[in-house]
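Chain residues, written in single-letter form:
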Amino acid sequence: MSRPTPLREVHESLGATLTDFAGWLMPLRYGSESAEHNAVRTAAGLFDLSHMGEIFVTGPQAGEALDHALIGHLSALEPGRARYTMICAADGGVLDDLIVYRLAAEEFLVVANASNYPKVAAELTERSADFDAEVEDRSDQYALVAVQGPRSQEILATLTDADLPSLKYYAGLPATVAGVKALIARTGYTGEDGFELFVAAGDAVTLWQELTKAGDAYGLRPAGLSARDTLRLEAGMPLYGNELNAGLTPFDAGLGRVVRFDKPGDFVGRAALAPLKDIPPRRRLTGLVARGRRVPRHGYPVVRLTDGTVVGEVTSGAPSQSLGKPIAMAYVDTDVSEGLAVDIRGSHEPVDVVDLPFYRRSK
Amino acid sequence: MSSIPEELSYTKEHEWIAGLEDGITVTVGITAYAAESLGDVVFVQLPEAGATVEAGDAVGEVESTKSVSDIYAPVSGEVIEVNQVVVDDPSLVNSDPYGDGWLFRVRVQDTPEDLLSAEEYATVTTADS
Numbered sequence: 049m050s051r052p053t054p055l056r057e058v059h060e061s062l063g064a065t066l067t068d069f070a071g072w073l074m075p076l077r078y079g080s081e082s083a084e085h086n087a088v089r090t091a092a093g094l095f096d097l098s099h100m101g102e103i104f105v106t107g108p109q110a111g112e113a114l115d116h117a118l119i120g121h122l123s124a125l126e127p128g129r130a131r132y133t134m135i136c137a138a139d140g141g142v143l144d145d146l147i148v149y150r151l152a153a154e155e156f157l158v159v160a161n162a163s164n165y166p167k168v169a170a171e172l173t174e175r176s177a178d179f180d181a182e183v184e185d186r187s188d189q190y191a192l193v194a195v196q197g198p199r200s201q202e203i204l205a206t207l208t209d210a211d212l213p214s215l216k217y218y219a220g221l222p223a224t225v226a227g228v229k230a231l232i233a234r235t236g237y238t239g240e241d242g243f244e245l246f247v248a249a250g251d252a253v254t255l256w257q258e259l260t261k262a263g264d265a266y267g268l269r270p271a272g273l274s275a276r277d278t279l280r281l282e283a284g285m286p287l288y289g290n291e292l293n294a295g296l297t298p299f300d301a302g303l304g305r306v307v308r309f310d311k312p313g314d315f316v317g318r319a320a321l322a323p324l325k326d327i328p329p330r331r332r333l334t335g336l337v338a339r340g341r342r343v344p345r346h347g348y349p350v351v352r353l354t355d356g357t358v359v360g361e362v363t364s365g366a367p368s369q370s371l372g373k374p375i376a377m378a379y380v381d382t383d384v385s386e387g388l389a390v391d392i393r394g395s396h397e398p399v400d401v402v403d404l405p406f407y408r409r410s411k
Numbered sequence: 594m595s596s597i598p599e600e601l602s603y604t605k606e607h608e609w610i611a612g613l614e615d616g617i618t619v620t621v622g623i624t625a626y627a628a629e630s631l632g633d634v635v636f637v638q639l640p641e642a643g644a645t646v647e648a649g650d651a652v653g654e655v656e657s658t659k660s661v662s663d664i665y666a667p668v669s670g671e672v673i674e675v676n677q678v679v680v681d682d683p684s685l686v687n688s689d690p691y692g693d694g695w696l697f698r699v700r701v702q703d704t705p706e707d708l709l710s711a712e713e714y715a716t717v718t719t720a721d722s
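Line by line, the protein sequences give chains A and B.
Quick note: the first sequence, position 307, residue 355 per our numbering, numbers continuous.
Quick note: the second sequence, position 35, residue 628 per our numbering, numbers continuous.
Quick caveat, the hints were computed from the structure, so don't treat them as lab data.
Here a beta-carbon is modelled for each residue, glycine too, at the ideal position from N, C-alpha and C.
Incorrect hints may appear among the rest.
What the hints assert, rightly or not - For lysine to aspartate or glutamate, the following DMTMM-like pairs were computed, each having C-alpha atoms within a straight-line distance of at most 20 Å: (1) A:Lys373 / B:Glu654; (2) B:Lys659 / A:Glu154; (3) B:Lys605 / B:Asp707; (4) B:Lys659 / A:Asp68; (5) A:Lys373 / A:Asp383; (6) A:Lys216 / A:Asp188; (7) A:Lys373 / B:Glu647; (8) A:Lys373 / B:Asp707; (9) B:Lys659 / A:Glu361; (10) B:Lys659 / B:Asp707; (11) A:Lys261 / A:Asp68; (12) A:Lys216 / A:Glu202; (13) A:Lys229 / A:Glu182; (14) A:Lys373 / A:Asp326; (15) B:Lys659 / A:Asp139.
Said to hold, decoys possible - Covered by chain A, according to a simulated footprint, are these stretches of chain B (three or more residues, beta-carbon under 8 Å): (16) 632-642; (17) 658-666.
Claimed, not checked - Some, not all, of what chain A presents toward chain B, calculated at C-beta under 10 Å: (18) Ser61; (19) Arg77; (20) Ala83; (21) Leu273; (22) Thr278; (23) Arg280; (24) Arg339; (25) Gly340; (26) Asp391; (27) Arg393; (28) His396; (29) Leu404; (30) Pro405.
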């Protein structure tokens, strides 16, 4: 059985199509996913992300424990700021990609993907054993609601006294929103300005309903996983299980900059990752735009148009609202950049190689 | 609850067939239930006019934001017309699945025995959900 989020009844009352996602019963869409996607690009969208994991690492050596457990330099993070980082296996493979918030000198919040957080919590506990730090998986106690889109700050400002204009991208601020305690984070996964609100599970419905009321005049609409996926794909953001997995290192994914060899002490994965730093990878993650209307999807082979030789594989693909054409991310051999096609169920459909991201918001 | 017009016949693969009783030419589409399940349809590929199809064959595909599904021929015969309007504007499959969103017409040579009535098809959609 899929686990419901605290907002299940709200989703049902909105007529959501619910789907199993990583063991959770999640809203896929409420009506038209294209309309939800466009609302986030032009106004704002409201997302239930309660399937994400919230793991707290606390104590005098919490920063050092995370420096050892993750590939980032978390002890250097200022309280109130956040970082995108990863947890790797000893062989360098990516176990999950994470956002880590430093809430206080001795308190960190690690946000992990729904499919991975039990594993991440177990690894963090094991890797912190030699440090004066406590690891606690509080995912069950938290709900996560996101407001994303160009109008999101105006909407949120009607419900909180927090100083939103001063809140930087990748920063978090404890505050009261609609009368409930929340951590307001200026983070997101859509390519738009926006906020992610961590609240107690029991406050999720109140927060959602107040946001819905406040957002009505601004064009806010609830948005499901389907819109979330097309938004993040246009923004060129990796998805664990698609662009990232335990068989790939951060360097394979073109995210070598996330590995911080300059931090003090050893970290899990260093020995395996260090030699890869200067070796050009065999394949690179690239953007593809289809010339036709058929959609390259996850797992489809990328081939050379001339002879059909397989030179890569699609990791994510979807029709793009912003470009009006199907787009995809794919790992493609570094020595080919043109004359490509995607094998779409036996037919070689020509694609053009483009830089990521496909969509960048205007400032 | 999506609509299931009573006068149509259905397959358990979620195609509808209109005009079956006249025994000569039928119109084929996909049901409102299928269209809703797929999400926003962005691409439709149809068989060519003149093609001979066998009931049960995959003869086209309908692609949405999140997935792609085969279209099966519900009857055997010759494709005599395809709906170019829906090829140009696939969203008609969502907005008008039993009307402007029709897919193709077949001159029937053989009708399989396992087509469903509206009532029988309703039980298929209930079992799915």
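For each hint, the structure was consulted:
1. A:Lys373 / B:Glu654: Measuring from Cα to Cα gives roughly 18 Å; hence the hint holds.
2. B:Lys659 / A:Glu154: violated (42 Å)
3. B:Lys605 / B:Asp707: This hinted pair holds, its Cα atoms lying about 9 Å apart.
4. B:Lys659 / A:Asp68: holds (14 Å)
5. A:Lys373 / A:Asp383: violated (25 Å)
6. A:Lys216 / A:Asp188: violated (28 Å)
7. A:Lys373 / B:Glu647: With Cα atoms ~33 Å apart, Lys373 of chain A and Glu647 of chain B exceed 20 Å; violated.
8. A:Lys373 / B:Asp707: This hinted pair is violated, its Cα atoms lying about 39 Å apart.
9. B:Lys659 / A:Glu361: holds (18 Å)
10. B:Lys659 / B:Asp707: violated (30 Å)
11. A:Lys261 / A:Asp68: Outside the cut-off at roughly 28 Å; violated.
12. A:Lys216 / A:Glu202: Since the Cα atoms of Lys216 of chain A and Glu202 of chain A sit roughly 15 Å apart, the hinted pair holds (cutoff 20 Å).
13. A:Lys229 / A:Glu182: violated (23 Å)
14. A:Lys373 / A:Asp326: Not satisfied, since the Cα-Cα distance of roughly 36 Å exceeds 20 Å.
15. B:Lys659 / A:Asp139: Distance ~34 Å between Lys659 of chain B and Asp139 of chain A Cα, so the pair is violated.
16. 632-642: It holds: at least three residues are needed, and the region 632-642 of chain B offers 5 whose Cβ sits within less than 8 Å of chain A.
17. 658-666: holds (count 3)
18. Ser61: Cβ of Ser61 of chain A sits 16 Å from chain B, so the hint is violated.
19. Arg77: holds (6 Å)
20. Ala83: Nearest chain B Cβ about 8 Å off; hint holds.
21. Leu273: At about 9 Å, which falls below the 10 Å cut-off, the nearest Cβ of chain B leaves the hint on Leu273 of chain A intact, so it holds.
22. Thr278: holds (6 Å)
23. Arg280: violated (13 Å)
24. Arg339: With Cβ-Cβ at 13 Å, over 10 Å, it is violated.
25. Gly340: Cβ of Gly340 of chain A sits 9 Å from chain B, so the hint holds.
26. Asp391: Nearest chain B Cβ about 14 Å off; hint violated.
27. Arg393: Where the cut-off is 10 Å and the nearest Cβ of chain B is about 8 Å from Arg393 of chain A, the hint holds.
28. His396: Check failed: Cβ of His396 of chain A comes no nearer than 15 Å to chain B, outside 10 Å.
29. Leu404: violated (20 Å)
30. Pro405: violated (18 Å)
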